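Residues per chain, in single letters:
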Amino acid sequence: MNLQDNDFTLFGLPEQFAQERAAIDTRWKELQRQAHPDRFAAQGAAAQRIAMQWSVRINEAYQRLKEPLKRAAYLCELRGAPINAESNTAMPAAFLMEQMAWREALDDAASAADLDALDVQLGRARQQTLRGIAQSLDESGNAAEAARQVRALMFIERFAQDVQSRFEQLGQ
Amino acid sequence: MALLQISEPGQSPDPHQRRVAVGIDLGTTHSLVAAVRNGVAECLPDAQGRVILPSVVRYLDNNGRQIGHEAAQAQASDPENTIASAKRFMGRGLADIANRDKLPYRFVDRPGMVALQTRAGEKSPVEVSAEILATLRFRAEDTFNDDLYGAVVTVPAYFDDAQRQATKDAAQLAGINVLRLINEPTAAAIAYGLDNASEGVYAVYDLGGGTFDISILRMSLGVFEVIATGGDSALGGDDYDRALADWALTRLGLSAASAQDKAAIKVAARAAKEALSATDSVAFEAVLSGASVSVNITRSDFEAATAPLTERTLAAVRKALRDARLAREDVQGVVMVGGSTRMPQIQRAVGEFFGTEPLINLNPDEVVALGAAIQANQLAGNDSAGDLLLLDVIPLSLGIETMGGLVERIVHRNETIPTAKAQDFTTYKDGQTALALHVLQGERDLVADCRSLARFELRGIPPMAAGAARIRVTFTVDADGLLSVSAREQTSGVEARIDVKPSYGLTDEQIAAMLKDSFATAEDDMKARALAEARVDADRMLLATQSALEADGALLTADERQAVDALMARLRETLAGSHDAAAIEAATEALARGTEAFAAERMNHSIQKALAGRKVETI
Chain A
1 MNLQDNDFTL
11 FGLPEQFAQE
21 RAAIDTRWKE
31 LQRQAHPDRF
41 AAQGAAAQRI
51 AMQWSVRINE
61 AYQRLKEPLK
71 RAAYLCELRG
81 APINAESNTA
91 MPAAFLMEQM
101 AWREALDDAA
111 SAADLDALDV
121 QLGRARQQTL
131 RGIAQSLDES
141 GNAAEAARQV
151 RALMFIERFA
161 QDVQSRFEQL
171 GQ
Chain B
1001 MALLQISEPG
1011 QSPDPHQRRV
1021 AVGIDLGTTH
1031 SLVAAVRNGV
1041 AECLPDAQGR
1051 VILPSVVRYL
1061 DNNGRQIGHE
1071 AAQAQASDPE
1081 NTIASAKRFM
1091 GRGLADIANR
1101 DKLPYRFVDR
1111 PGMVALQTRA
1121 GEKSPVEVSA
1131 EILATLRFRA
1141 EDTFNDDLYG
1151 AVVTVPAYFD
1161 DAQRQATKDA
1171 AQLAGINVLR
1181 LINEPTAAAI
1191 AYGLDNASEG
1201 VYAVYDLGGG
1211 TFDISILRMS
1221 LGVFEVIATG
1231 GDSALGGDDY
1241 DRALADWALT
1251 RLGLSAASAQ
1261 DKAAIKVAAR
1271 AAKEALSATD
1281 SVAFEAVLSG
1291 ASVSVNITRS
1301 DFEAATAPLT
1311 ERTLAAVRKA
1321 LRDARLARED
1331 VQGVVMVGGS
1341 TRMPQIQRAV
1351 GEFFGTEPLI
1361 NLNPDEVVAL
1371 GAAIQANQLA
1381 GNDSAGDLLL
1391 LDVIPLSLGI
1401 ETMGGLVERI
1411 VHRNETIPTA
1421 KAQDFTTYKD
1431 GQTALALHVL
1441 QGERDLVADC
1451 RSLARFELRG
1461 IPPMAAGAAR
1471 IRVTFTVDAD
1481 GLLSVSAREQ
1491 TSGVEARIDV
1501 KPSYGLTDEQ
1511 IAAMLKDSFA
1521 TAEDDMKARA
1531 LAEARVDADR
1541 MLLATQSALE
1551 ADGALLTADE
1561 RQAVDALMAR
1571 LRETLAGSHD
1581 AAAIEAATEA
1591 LARGTEAFAA
1601 ERMNHSIQKA
1611 LAGRKVETI
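These protein sequence lines are chains A and B, in that order.
Oh and the first sequence: position 166 is 166 in my numbering, straight run, nothing missing.
Oh and the second sequence: position 276 is 1276 in my numbering, straight run, nothing missing.
The set of hints was computed from the structure by calculation and includes no laboratory data.
Values in this document were obtained by computation on a predicted structure and should not be read as measured data.
Treat the hints with caution; some may be incorrect.
Said to hold, decoys possible - Reference listing, derived: stretches of chain B covered by chain A, where coverage requires no fewer than 3 residues with Cβ under 8 Å from a Cβ of chain A:
no.	stretch
1	1067-1076
2	1218-1224
3	1389-1402
4	1411-1424
5	1485-1492
To be verified - Residues on chain A that point at chain B, a partial pick, calculated with CB under 8 Å:
no.	residue
6	Lys29
7	Pro37
8	Asp38
9	Gly141
Glycine included, C-beta positions come from ideal geometry on N, C-alpha and C.
Please construct the entire structure, taking both the sequences and the accompanying hints into account.
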C-alpha cells in the first residue's frame, strides 16, 4: 500500500458507490490510530513528516468517501468520466425548468414553513438522484450517465445551500 | 523534603526511559503546569504549595522581573509595568484589542502584533507569555530534578493561526519543546476521562478569563473526534468584571481617569464578582484618586448587568450545534471549564439550555492542565498502554485573496487536521511574471472582514497570455493547527512557500539577545543551554531509533542495518567525547536523515498491518 493508492484501496473498501457510513467512519479511525503524527511524537522529525503525509492522505480520502456526492464524482473520474463541472454545464431542459421553479419558490418564500416545504422537495430530489447514481455506477456500469447525474446533484446541493442561508436569515 | 519513592518490582519504567512531559495551561488570568505521576495527573505546586500562577509579569528596574503572585499584587500600584492578560494580545494588532482605553497599559502599534511599553523597554505579548512559560518550566524541572522533555500547551479552540503560532513561539522562546498544541476543551474532555465513558456526544463549555470556547465532541472507540468548535476569543470573565465595574461607577456617578484608578476598579470588581458566587450581596469597595468609595451590589444586579454576555455565549453554542448538525437533545453531557463557570448564573443558563446538569466535579481551573498532562505523557511515549487518539479540527476557514477583494476559501472550518488542500489559480494580465498571494482566515467573503495572516510572492513565472499559467496553491495545516502555504506554477515548476508566522517586531538578533539575557529564574549561560538541548535531542533520536530497530529491524537489509548502526555509533561517540553543541547536532541530523527511508518503510508496514488485521476480523 502507498500514498498513491486510490481511496477505496486505502480504506480496504470495495470500489463501488454503495457504502455503509459507519464502516467508513470506523476504518478512518483505525487508520488514523496507526498513522496520526501523535503516534510518533516521541520519535524523530523524519517519522513526524511521514506520519503527517499519511494522516493528511487518510483525511483526504475520508472527506471524499463519506460524502455521497464527492464519492460519486470520484468514482466517475476513476472510471474515465470526469465531472468537469466548470466546462460541462449542459443540462436537460426539464431539469433546468425544475431549477427555475425552485428559484422562484425561494424568492417568494416568506416564512420558515415555505422554506420547509421547499426543503422537503429538495430532499426528495436528492434521494432520487442518489438512487439513479447508485444504479448507473453499481449496476449498469454507465459512468458517463452517472457523471450527468452527479452534475445534476451538484446543482441541487448548491441550491440547498441557498435555502440554508435563507433559513439563517430568518433566524433559523 | 519529598519522600523517596520505591515502586513495585517490575512496575516501574526504567528511570532513564521515563521522560518528563508536562501539560501547560497558559491562561489569560492564570496558568498551571501538570504532570502524570504514578499514573495520576496532578498539578505541580510551587515552593509555597500553590498550583496557580497568576499570568502576570511585572518589569522592574535593572532587567529584573516579578512573575506570578508578587506581580499580581503590584497591579494597582505599578499598572503600566505590570502586564496581565497578555494572552488577549497574542497575535493581535492594536486595532483588534477591544476596550483598550480601559486598560492601563501603554500600547505600541507594531505591524502584525501590538507591543507594550514598560520601564524595561518594549515588550511583545510573546515575550511576556514566555516569562510565564519559563517559570512553569523551571517549576517542573525542580519538581522532577530533571530536564523537561517536552510539553503539551493548550490554546482556546477558537484561536486563529496567528494566535496559535504566537503561543508556540512563546513556548520555544522559553526553551520548551512543544510536543503538541491542543485545544483547551479537548484537554478538559480528556481529564474527565470521557474516553472511558459510554459512547456519545459531549459539549465542553469553557469560559475563561478572556476567552470563550464551545466544542462539540464525539467519543467512540477511544477516539476523541471534535465535530465542531466555536466561541469568541474576546469574551471572558474579564468582561464580567468590566460590566460589574461599569455598573458600580454609574451608580457612584464616577469615572476612572488615571491608570491607578483603572487598575483599582478592576481589582475591586473581580473581588466583588468572586464574592457574589457565594453570597447574595456584597459591597464594592475601592480607593479612587485617594478617596474610598463603596456601593452595595446584589447578585441579581450583577446577573442583570451581565445577561447580554451570557446570551452571547449561548448564541455561540447554538452556532456550534448547527455546524455539527446536531440538536441540543443529542448532547449527552456538558463539561464546564474555566474559573468563570463558577458563576451561578452561568451554570444555571447552561443547565437550562441543554436540559442536563453540567459536570463540575473537577476543579474548573485545573481541568485543562490535567488533560494536557495526560496527553503529554502519552506523546512522550511514557504510557505504552495509552490508547487515546485526538482527531481535532481547524476552527476557522483559510483562504486566499482573489480579484475584487474576495476570499476564496481553500480549507473549510471544522475540517479534521492534519490536512492539505490545493486550488489552482491563474494570471490576470498578459505577460504577468509574478503573483502576490494574500493568505486570510475567517468566514466572511470580503478580504476586509477576514484576518490577514501573511503575504508572499511567487516570482519568475514565464510570460504567458492571461489565464494560461496554472498556479497551484497548497495549504497544509499540521496536527498543531498551524498553516504553511506553498505555490507552484505547474508548467515552469517555479515555486514559493511560506510558514505563516505573525510578525511581532522582533528580529532574529533580538530573539537571540532575549534568549541570551535569559529569564528571571535562569542563570545558565547560552552555551551550556545549547549543549544541554543538543544532548537531549541526541538522546531522544537514539532512543527513537533503538526502539524502531527493536520493533521493525527485520524490514532492513543487512547493509541498511549496518549503515544505521554506524550512524548511531557515530552519534554515541560524539555525545561521549564532545562538548560542542554544533557537532552533536550535526551527528543527530545525520542519523535523522539516514533513517528517513526506514521510517517511511515502518509507516507503510504499520498501516498495512493495521489493514490486514482488520480484514481478517471482518471476513
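Hint by hint, here is what the structure shows:
no.	hint	in the structure
1	1067-1076	violated (count 0)
2	1218-1224	holds (count 3)
3	1389-1402	holds (count 3)
4	1411-1424	holds (count 6)
5	1485-1492	violated (count 0)
6	Lys29	5 Å, holds
7	Pro37	5 Å, holds
8	Asp38	6 Å, holds
9	Gly141	26 Å, violated
In terms of the numbered hints stated before, the structure departs from hints 1, 5, 9, listed from lowest to highest.
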